[in-house]
Amino acid sequence: MTNSSNKYILMVIAAALLSACSITKKYERPAALSTDKLYRDEASADTTTIADMPWQSVFNDEKLNALIQKGLDQNLNLKNAIENIVQARASLRQSKLAYYPTLQLDASATHTKQSEAGLNFPAGININTLTTTYKLGVSTSWEADIWGKLSSSKRAALASYLATDAAKQAIQTQLISDIANNYFMLLAYDKSLKITQETLESRIKNVETIKALKEGAIVTGAAVVQSEANQHAAEVLIPDLKQSIRETENALNILLGQAPGPIDRGELETQVIPENIAIGVSSQLLENRPDVRQAEFNFRVAFESTNLAKTYFYPSLTLTASGGFSNLELKDFFTNSIFYSIIGGLTQPIFNQGKNKLRLTTAQSQQLQAYNNFQQSLLTAGQEVSNALYSYQMAVEKEDSRKKQIEALEKAVDFTQQLLEYSSATNYTDVLTSEQNLLAAQLSGINDNLQKLQAVVNLYRALGGGWK
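Under my numbering, the first residue of the sequence shown is numbered 371, with each subsequent residue one higher.
Since the hints were derived computationally from the structure, they do not count as laboratory data.
Incorrect hints may have been included.
[Unchecked claim] Under the rule of at most 20 Å between Cα atoms (straight-line distance), these lysine to aspartate or glutamate pairs were calculated in the EDC-like manner:
no.: 1; residue 1: Lys-561; residue 2: Glu-598
no.: 2; residue 1: Lys-561; residue 2: Glu-639
no.: 3; residue 1: Lys-612; residue 2: Glu-585
no.: 4; residue 1: Lys-561; residue 2: Glu-780
no.: 5; residue 1: Lys-838; residue 2: Asp-548
no.: 6; residue 1: Lys-781; residue 2: Glu-769
no.: 7; residue 1: Lys-768; residue 2: Asp-818
[To be verified] Computed spacing ranges between beta-carbons, pair by pair:
no.: 8; residue 1: Met-764; residue 2: Ala-810; range: 17 to 23 Å
no.: 9; residue 1: Leu-789; residue 2: Gln-628; range: 41 to 47 Å
no.: 10; residue 1: Arg-459; residue 2: Glu-637; range: 41 to 47 Å
Note that CB positions come from ideal geometry on N, CA and C, so glycine has one too.
Sequences are here, hints too, so could you generate the full structure?
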């Protein structure tokens, strides 16, 4: 390189050191991001949240905890998420190695044949010369990170890696939630089947009782037919419940990464939920919700991609060097055959068919989309917390009334049956109505309990619990 070239390169480097900070920007969380009042009708300043509880403490059922652990060990979607982390880690490592120069080894033997026809030799004589060149060399190349191109690439790769890790955590929290919800649903189906079977046994006895009352002319044949229809109404519920149980077991097995089969489980009545359902403050979603964290990391990737696009408008400095041995004779290969070169190259984009400008426009647009996705993830998280919390509150609100309803209907069934047997003050329609209402209330009570349990599970996931 000439002295003038050296001076020019030095001037460019000096200018770059002074202005590089204005080309690429340091990431900061957007100030316009809305994190307040994401929970509807909730304005607590208490930062205590059940999201900080390990899932083993949230669920007290040992059989459920065993299923969750099996799911964490065997679920195929979770395994794929882990492989995504492996791939992202490799990309991150590759971006770090970009700071170092490349190094290449070149060993070759080149045979050259040259014809000397037409060089004042007699007609018909053609003399060919054959030469062999032996070469062993090493070359290296290094690009100076003047404008922050390599730094932006590395930070983008780091954010991408962290996003895949957050994605894995989001899959884990969803997996825990899905296993728990299906488990509680299975217990609810078990309880519904048990109550329906007990009701069927009672109605079979009622049919015999009504037939006896008809023999005593206390009721008519219509009552007998109605009692039989009431029996069959309970019978048809049982196959549907059994089918639901089988399908829920199969769904659980898919979550566990295993073939369909029976699920070892407890009972609905033994389930206990945490006493303190604390939700903390909505800004904690930024740190606790894996999908929100993933959205922010994706935004950071887009942010660094914009930084990278800006660097293409500025010159790049590349230093290359090569050296080694080259000779026509192997015996003299390491004597008088040394060669070397050092080259400094400065590339300044002048006309590139508008690619640099379009690259920046695209990156800026993608960054805006990533920001919108980030904000959307927060709004969705706030909605899910609000819905789950309200569902829990409504289930609790129904508990006392449902209990009183069932107790009243149990008494109504007893009273109408006694009146039917010992007096003519009632008819079988009253008995039929009270029995049907009682079964419906009992099944609704089971659904209320299921709603409360699943609301806690959904709230725990919505707050970001299960991955810590």
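Comparing the hints with the structure gives:
| no. | hint | result |
| --- | --- | --- |
| 1 | Lys-561 <-> Glu-598 | violated, 24 Å |
| 2 | Lys-561 <-> Glu-639 | holds, 9 Å |
| 3 | Lys-612 <-> Glu-585 | violated, 37 Å |
| 4 | Lys-561 <-> Glu-780 | holds, 18 Å |
| 5 | Lys-838 <-> Asp-548 | holds, 17 Å |
| 6 | Lys-781 <-> Glu-769 | holds, 19 Å |
| 7 | Lys-768 <-> Asp-818 | holds, 7 Å |
| 8 | Met-764 <-> Ala-810: 17 to 23 Å | holds, 19 Å |
| 9 | Leu-789 <-> Gln-628: 41 to 47 Å | violated, 55 Å |
| 10 | Arg-459 <-> Glu-637: 41 to 47 Å | holds, 44 Å |
This entry does not satisfy hints 1, 3, 9, going by the numbered hints stated previously.
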